[in-house]
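Trainee: Construct the entire structure; sequences and hints are all you get.
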Amino acid sequence: MNIPKKCPSCAGELLVTELYCSGCKTGVRGSFQFSPLAALSVEDEGFLLTFLRAGGRIKTVEKELGISYPTVKARLRNLLAKLGPVAVPDLRPSQEEILARLKRGEIFTHEAVALLKNLDI
Numbered sequence: 003m004n005i006p007k008k009c010p011s012c013a014g015e016l017l018v019t020e021l022y023c024s025g026c027k028t029g030v031r032g033s034f035q036f037s038p039l040a041a042l043s044v045e046d047e048g049f050l051l052t053f054l055r056a057g058g059r060i061k062t063v064e065k066e067l068g069i070s071y072p073t074v075k076a077r078l079r080n081l082l083a084k085l086g087p088v089a090v091p092d093l094r095p096s097q098e099e100i101l102a103r104l105k106r107g108e109i110f111t112h113e114a115v116a117l118l119k120n121l122d123i
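So for the sequence shown, the working numbering puts the first residue at 3; every next one is plus one.
Heads up, a few of these hints could be off.
To be verified - Below 30 Å or equal to it, Euclidean Cα-Cα: the simulated DSS-like pairs (lysine-lysine) are:
1) K61 / K84
2) K119 / K105
3) K27 / K8
4) K61 / K75
5) K84 / K7
6) K27 / K7
7) K7 / K75
8) K65 / K8
9) K75 / K65
10) K8 / K75
11) K105 / K75
Unchecked claim - Each pair of labels, with its calculated beta carbon distance range:
12) D92 / Q35: 22 to 30 Å
13) Q35 / S11: 30 to 38 Å
14) R106 / R55: 39 to 47 Å
15) P87 / T111: 32 to 40 Å
16) G86 / T19: 21 to 29 Å
Hints were generated in silico from the structure; no laboratory data involved. Just so you know, these numbers come straight off a predicted model, no measurement behind them. Every residue gets a Cβ at the ideal spot worked out from N, C-alpha and C, and that includes glycine.
Mentor: The following block contains the structure:
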């Protein structure tokens, strides 16, 4: 059985308040939120799985689902809109990390200077 995504009474957002282990019968109570993926319809979920199994290759998705390239692109745009903005982590090293790498001899001075300039500090 799939987890209901909306309240059957008022169509409001549902919140998970308990998890249960069928092995040891332990229950965990709290306030747990669904992943944004849980809000997808069965159709959108199937499309996303097809896209991922195809390795992101649109041509493969076209063949598998029997739809055109523009349709695949449109469905991807709609899917991304439903999932909302994605936070992209800042993968740049911190000033402390750069200086520590310089001290350990992992990078040269000119490399450290270039990295520090990119930090906008």
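Trainee: Are the hints correct? Go through all of them and say.
Mentor: Going through the hints against the structure:
Taking the CA atoms of K61 and K84, the gap is near 23 Å; set against the 30 Å cutoff, the hint holds. Between K119 and K105, the direct Cα distance comes to roughly 18 Å. Compliance with the 30 Å bound is thereby established for this hinted pair. Restraint check for K27 and K8: satisfied, since their Cα atoms lie roughly 27 Å apart, inside the 30 Å limit. Between K61 and K75 the alpha-carbon distance is near 11 Å, which keeps this suggested pair within the 30 Å criterion.
Taking the CA atoms of K84 and K7, the gap is about 14 Å. The hint holds against a cut of 30 Å. Between K27 and K7 the alpha-carbon distance is near 25 Å, which keeps this suggested pair within the 30 Å criterion. Distance check on the hinted pair: K7 and K75 sit about 26 Å apart at the alpha-carbon level, within 30 Å; holds. Annotation: proposed proximity of K65 to K8 is violated, straight-line Cα distance about 33 Å (limit 30 Å).
Only pairs whose Cα atoms come within 30 Å are accepted, and K75 paired with K65 is accepted, the gap being roughly 14 Å. Restraint check: the Cα-Cα separation between K8 and K75 comes to about 28 Å, which is no more than 30 Å; the hinted pair holds. Of the supplied pair hints, the one linking K105 and K75 is violated, its CA atoms being roughly 48 Å apart against a limit of 30 Å. At about 24 Å, the beta-carbon gap between D92 and Q35 stays in the expected band of 22 to 30 Å.
Between Q35 and S11 the Cβ separation comes to about 20 Å, which falls outside the hinted range of 30 to 38 Å. Between R106 and R55 the CB atoms are about 43 Å apart, so this pair conforms to the stated range of 39 to 47 Å. Between P87 and T111 the CB atoms are about 38 Å apart, so this pair conforms to the stated range of 32 to 40 Å. G86 and T19 have their C-beta atoms about 23 Å apart, which keeps the hinted 21 to 29 Å range intact.
Checked against the numbered hints above, the structure violates hints 8, 11, 13; every other hint is satisfied.
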